[in-house]
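With chain A held as given, fit chain B with the ligand onto it using these hints.
Chains A and B, in that order, give the protein sequences. Numbering-wise (this note's numbering), the first sequence opens with residue 6 and increments by one. Numbering-wise (this note's numbering), the second sequence opens with residue 742 and increments by one.
Hint data in this document are derived by calculation from the structure and do not stem from the laboratory. All figures in this text were calculated on a predicted structure; none of them were measured in a lab. Just so you know, not all the hints are guaranteed correct.
To be verified - Restraint-style ranges between C-beta atoms, simulated for each label pair:
hint	chain 1	residue 1	chain 2	residue 2	range
1	B	Gly1475	A	Asp824	25 to 33 Å
2	A	Pro883	B	Arg1299	50 to 58 Å
3	B	Ala1498	A	Glu497	26 to 34 Å
4	A	Glu389	B	Ala976	52 to 60 Å
Note that the Cβ used here is the ideal one computed from N, Cα and C, for glycine as well.
The primary structure of each chain is shown beneath.
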Amino acid sequence: MGIERHFLSPTTPLPSAAARFLAGEWSGGHLDLGRELAVVPTRQAGRRLREALAVLASSRNAAVFPPRVVTPESLLTQGAEEGRIATAMDTRLAWAEVLLGIDFERFPHLFPSPPARRDFNWALGTATELARVKRLLAEGGLCMRDVAGGRQSGFPEGARWRELAELERLYRETMSRKGRSDPEEAKIERARRSELPDAVERVTLLGAPDPPPLAMVALERFSERVQVRVAVYAESGDAGNFDAWGRPLTHVWSERVIELTGDVFHVRSDPPDQADRAAELLAGFERAERVGAVGAADAAVIPFLERALPARCGRPAYNPDGRPAGAEELAGTLGVLRDLMRAPEFDLCGELLRCPVFFRHLERRSGFPPVERLLREWDAFAVECLPGDLQDALTLARERGDERMVVGRVLEAIRSLLGELRDAPLYDTLPVVLREIHQGSAFDEGREADRRYLATAGEVMLLLEDLRDSPFAGRLTGGADGLHLLLALLAERRIEEDRPSDAIDVLGWLELLWEDAPYLVLTGMNEGVVPETLTGDAFLPESLRRELGLKHNTARFSRDAYMMETLVRSRRDGGRTEVVFGRWSDVGEPMRPSRLLLRTRDNDLPDRVERLFAEPPPPVIKPAWSSPWRFTPRAEEPLAGISVTQFGRYLRCPFRFYLSDVLRMDAFDTAKAEMDDGEFGSLCHAVLEAFANETEVRDSRDADEIRRFFSETLDTLFRRRYGPNPSAPLEIQMEAAAARLERLAEIQAGERRLGWRIESGEWRFPGGDSLTLGGIPLRGVVDRIERNEDSGAYRIVDYKTSDRNRIPEEDHIVPLKRDESSEDFPDYAVFEREGKAYRWIGLQLPLYRWALRDRCGEDVACAYFNLPRAVTETGVYPWEDQSRELQMAALRCAAGVVESIRAGRFWPPSEKVSYDAFEGLFFGDPWDLVDPRVLRGKGEPK
Amino acid sequence: MNDRQANETVPNEMILASAGSGKTYRLTSRYIRLMALGADPERIIALTFTRKAAGEFLDEILGKLARAARDENAAADLAEAIGMPNVGRDEFLAFLSRLVERMPQLELGTLDGFFFRIVRGFPFELGLSAPPEILDENSMRSEKRRVFRRVFRQAGQGGRARREFVEAFKQATWGVQEKRLAARLDEFIERYHEVFLAVPDGEFWGNPRRIWPEGSVWLVDDTDPRESLETLDRAFSCKELTDAQRRTWERFVCEVGDWRPGSPWSDGMKRPLGNALRIWSDLETGRAKWTIGGKKLELSGDECLRLKRLVQALCGAEVEKKLQVTRGLYEILRGYEALYADLVRGGGRLTFSDILVLLSAPGSERPRLTQDAADGRLMVNYRLDGRYDHWLLDEFQDTSYVQWRALSDLIDEVVQDPEGRRSFFYVGDVKQAIFAWREGDARLFREIHRHYNASGGKPIQERRMSESWRSGPAVIDTVNRVFGNHQVMRDLFPAGAVERWSEGWDRHRARHQDRNDYVAFCELEGEDGRYRAVLELLREIRPLERGLSCAILVQRNRKAAELIQFLRRHGDFPVAAEADMRPGIDNPLGGLLLALFKWAAYPSDRFAREHLMMTPLRDVLAGDRSGDVGRDVLESVHRDGFAAVSESWIARMETLGGLDAFNRERGAFFVAAARSFDRHGRRSVAEFVEFMSEYTVRESAPENAVRVMTVHKSKGLGFDVVLLPDLEGTRLDGASRGLKVDRAPDRRVRWVLDPPAREIRECDPVLARHDAEVAADVCYERFCQLYVALTRAKRAMYLIAEPRKPSSKSKNFVRWLSDALGEGNTTPDHWGEAAVNLVYSRGNADWYRACQAPPAESVTAPQPESRRFAERVRFRRGMPSRARPRTIPAASLFSPESRRGLDFGTRVHEIFARVGWSSPGTADEVASWRDAESTNETEEAWEDVLACLRDPAILDALAKPQEPAELWRERSFEVILDGEWVTGTFDRVVLRLGRSGEAVGAEILDYKTDRGDPDIPLDPEASGYTGQLDVYRRVLAYMTGLPAREIRCRLLFTQRRELVDLPAER
Ligand code: SF4
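Okay, chain A solo, but in the shape it has when bound:
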């Protein structure tokens, strides 16, 4: 029947021109196009065509029986023998099978150096790359064998292509052994043999300036039986500039001048600026969605458009391309599961617990609290035990007797989930697991988020089905690999969203021909992006693509030149096209304006170059730093009791004391991998406490005996807390503790020989109201009370496990510096000794002494027992000055502190502190940024 060209004038938007063309002579009644096949370049074009047909029909109060609308691609993928054609899953697996089986020595040109790891990961990556090469070749009806064979001797990389052809042969063999055929090869086959459905009486290729060569082979065949029409979106006067398929002729269009006036160009800096300019332009219209649309040649601009359009125009942006399925919630959850299957790290268990699907699943089961409590318990366990992996955590939970408690049961649930997944092929286990964790939930088609979830789940189920049906699935070594493959394929799919009716369309370059908005703002009009330029392909460089007759850069240029001209021309009357482009990419690469914008008459070129390569408008001056609010700490009841160590913190800075001790602001360290200062100290303390309670050894004068006791006790305590498999830093910390204790054992034996006997270890202040200061209970624990068996004297000892040696006096009082005066500090904190002014920075030892005054007398000695890192410095360091005056000053200070705390005085912050946990919170400037109303307290300090 032949192929016939027709021209649709760009004076009308393409969808309606195409609809009218299809309708032909129709003059009323149902517009019945049921016997037509319409081939359009993209699915979005198909939608626009069908909508235009409906609109056309409605002009006569009629409906349309639409034609079959297909893309050129689907002409080649739909057919009878579908069952035998390999899915994407099959092709990846088959390639992987081939790649994992070959001998690299036989492929010296393809794989001159073998990969570091020849595992499934590598195979999958390589498979994806090879599948890509095959796809590119297939567009031109070729396979690797065709490239390798029949080249002249001058053909570069001939040896490499022969190896590729050999690899392809192995792949084809693998496929056919299992009765499958490669989808790309099938396409080639299909193009040559495909049959038109009987009902079709006419075929029309519409507004497709760049159909794939294979599609044309198929259309050519169809033309033997039915009429094939090619509708070109151009003036008929331009007929000479297109080939029989309506493709712009390269030599014409790559030379053609594109008429653009200077005022349509908008030079901008980066993608956000481009998006902002586009939105600004559209914001000039009251109902922008009815007049305008945005072309996003550069996908990097889209996310910023999605933000700028609502902000400036009050309209959502709609991108018919949809969202990547890999970014959907279900993909994320499956990703955590995959990682857990690879290595069941404890941190990953925590991530799984934070997946809503999983915690909702637990919440629905009996015996699990709401997620908030679940997480609290989990985190408490995590920081305390620092388990490495799931197994460690289970052991630890069991040892703590926690296995029936919440954490243990969560761990158990995760273990059984992973067990289930490991037990059988993924396609059997995963649906069961998914059903189980989603049990009891339902999805509402009316909600956008649920629809996305449903669509993603649908894709996952389809992929699982493909996996089940794949004859190559046996290659998967473990469930993790299968899940990895599944997720890799899922990431290639997109989830379409519904179009809100007031949305502004954001369309990719190739969709634009079919867009009918009179006001079109093109963004991302940069060289390399449009026309898309491919350079440096590892297999198919431009020169080879050209030689093989594949799509190449020049052909792309002429297609895009045609498109650019048509976009502008079709809006010349009653419309307008704006052109926005950037000088910098989102990652700071310089960008150039598209050559399409420089297709001007030679004489105009210098001006055009200067205009387009101009600097973008200067950025506005950045606003100066400011805070939109003042930080207002919550009012909290002052303390009900006070511990001896809190005094020091108040004295150092009352404001930070309020935050740390009253509000108890304590950050959760998500990266914790080792003991902090406090925990390291507690571990040593615990050993020493056990020692003090062990009446058998505590009197020993034998360093070895003590050492043995320390070492065994430490080991027991440490293993009990951190399990049999602690992390390397923990192990080293444990050894450090052991070394310190070892030295301490010697000193201890020496002190014992000097007559010091332990009376009690870890003496806790009596609870309740029996020991109060300024009206509130005083709390504290004295590490050790000793008595000398010779002199009968008492000694109060506090262990210090800091890295450096600590001197008791230096921890409690400091002389005022030259630039400090006693006015700078509250009265109670300052005192004089031997004519020199000092201030208190800690009250621990004086308060111990005061608490023990009845038992040990007023003059009892106090000391630090230091266990520093330099073990030569281990020893007992007494506080020399035990004078009554000093003790009185300390008590006066303590009373002052208590009074201030009870009066709620926590302001102002101290100027200089050695370490400020709150620096980041107030950007180093609490004075300006904090609203101190609740911190000022009542009355003036005494």
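Just chain B with the ligand now, kept in the frame of chain A:
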């Protein structure tokens, strides 16, 4: 123009260009000259370091050509500049058009970009499985952290591997505070991963045979220190010692006695040992005086020997320990690298330094990518679709050795081109080599020159450019005084560094001798004083109002931040930072968002919660008793990603308390950063918080503000006024800390060592030599830093420094400047209201008074047209199957049957679509189709249909009515109905026709193939079908003109073989 090319060969050139002498001008002129000589632009490759500079290449070339193509005079100037006076306007226009046409093939970019393209062209050759992707800095940091965290877990399996790892770990962290092991190791890996990549062979790490091939002073056979100690103690007991000496000695004896190899030296050991090391060479001679207890003690020959042994033993243990630490670090790095290679690089995610490692592949035999072994063809050219005849490299002093190695094969070819048609050009300034810490290797400049000129190809001509187009005579005079007075430099700094400097030095000249410029160097006490002087000066000069650009250069980022705070608080002019912005943590809104995420995922984080309670969010949280807010945040993060959730909370903050311009702007950056995190599909809050805490955006300051930046950032820029208020600092040859990597002159690594204390190094010839070399290099780099700082100013430069204390011996910038510039006395002066002491000045102090701002160009961007366009109508999409949204239980969603159900349904519909008017024989007819076509997969569908067709009621429903009728099967439709665009498909419609063919009645039959439980009675209402069928009914009514109510709708449930009538809705 090919005859020209034949006549004129293009020389190879090395250009040593001083600051402001027009490097880029020279490079772009050469580019145009090459074109004029007939070179195709795609065969010219010009590479530099920063993307910004790369972008400017093309802009400048195009700009020059555009001007010359339009204007005869400009054409003549350009022809002159490129040394080809015969080239005219038309030719420049032709070049311009050729350049534009070839834009996609032009290779004008960065070295990094070029290398990346090579790697992308050769994935399999480099052991990658797929084309690589570049990791930006921010993602790189979070990837590294992910790997790092696993390093600890790695050895979790137990057994030997684990013990070895712990051992290595222990060695590596020896001397580190035990409570910050992980954090310390993290810093360490961050810092030395690249060293490891450069030196992957453990043989070089902490190996005494490599460090001391001749043997080490310290590592003698293991003498027990105690033996020497006792001998000395006995000797000293009969010696006259002062009390102080005695006390010090006794403490020393006691503490050395307690000392164990591996523990640090205690205070009582440090000083005497240090003093002994100071007299090390004397100890060797046997005559020495040892300072102990503050007094010298004469030692006998035997005592010298004993003390020497003692020190050797103690230092030896120290050195031995350091060797072990180095090896331990190596093992840790090796473990880290193995994981990193597996998890990150193996997945094709590469950093630019990974790329260089791949290309240069130290320590392994990778195939050379540049040539095909078989036929010697340049494969890089082939795969990159390019062939480069002419190479132009800019800022060459910043090229690293590794980068050069990756390029050298390609450039060898050019230089050795037998016909001499190809060319190599490199330009840079060895005096501006401030990127040595980034491996910039300025020595290459000369080495390459020497190498190629010795190799006999076309020689590389050397040209020096020392005329400044940027600065005026006073600035240049000052530069010459500081950097040309090598005597002053020799007095202060290591000879090696000064030597190197003088080799690269030429006396500078100012091009614009008549420029009215000014330099002042003044002293001011205290940082506050200096900041105040800056403020007063700016108030006085008012540079922005006069249209003058102005920069304040500092040495460190922290100073920049301080100064900006100060000027913003006290000044009345815009100040901007050329600094890194951290949208996650440098603003209150970012802090709030991070706290919100953290608290949602970690409810026990009281810090985060109280933080939120201090902000306007408190009302939201206070009202939330059941924990729904946190839960909602967590759920929406998983559903929509961090960017979307951040955005919605930012919007909420706007309504709650309002945001200011600053936080609003930061919020936009926050969301953009979150989006780049989301791209990887991860939802971990912990990772996100880490990512955001470190996320940095390079912010470049607008020119219409006073810009504050570090000297490093100012490189390549020029400003009318430059202020330098941060010149203080430590000695210029201060030793670097951390691992020492010793390299031979040919850059091969000789050894790697975690160094022992300075005192020990000074007594060790090998380590002392290394230190001296490093010190000279460090010092040279600091010369360069000052040079860059002093050559930025066009019209005025103000140096402001702390007065030097007479006692100070520190050999820093201030000392150097006052030695070189100071004339012994100072003159009081006033800058605005600030009194200053001038040490030095040149030029005209009132230079600025004549400067007037040029009339402001109106830069109003074209505004959107107010013209109205015809609105087009876009209809809402109506989908009958969605008319009544269903609720889908998870059980059916994840049922393996669901897909089969779908396929099955499609089949059943297909078969029914083939059934026309039914007759008693229909079932048999269909059965015969089945026998011909049925397969395993379709079997069930056929059976279903057949079973239906055997049911008399159903058969009847498919039968032709009495009157004339039309039958539609499987008919799709599109229609605009009540303002909606409705799309759907009728399964089967029977139209009863009147006499003239008009429809008088209609019936819709819809097949439902659900396989619900057959025991549960049907409830079409609940299944959501009524909505769908109602739309069908309305569509058919529209199409036929019949009242919708009169159209009959029936559902055929094929599985249960049941027909259900759906009455019309009211
Ligand atoms: S006007 Fe300025 S740039 Fe021109 S010569 Fe004079 S000082 Fe130099």
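#### Entry: Unmet hints by their number, sorted upward, for this structure
As far as the earlier hints go, 2, 3 are violated by this structure, in ascending order.
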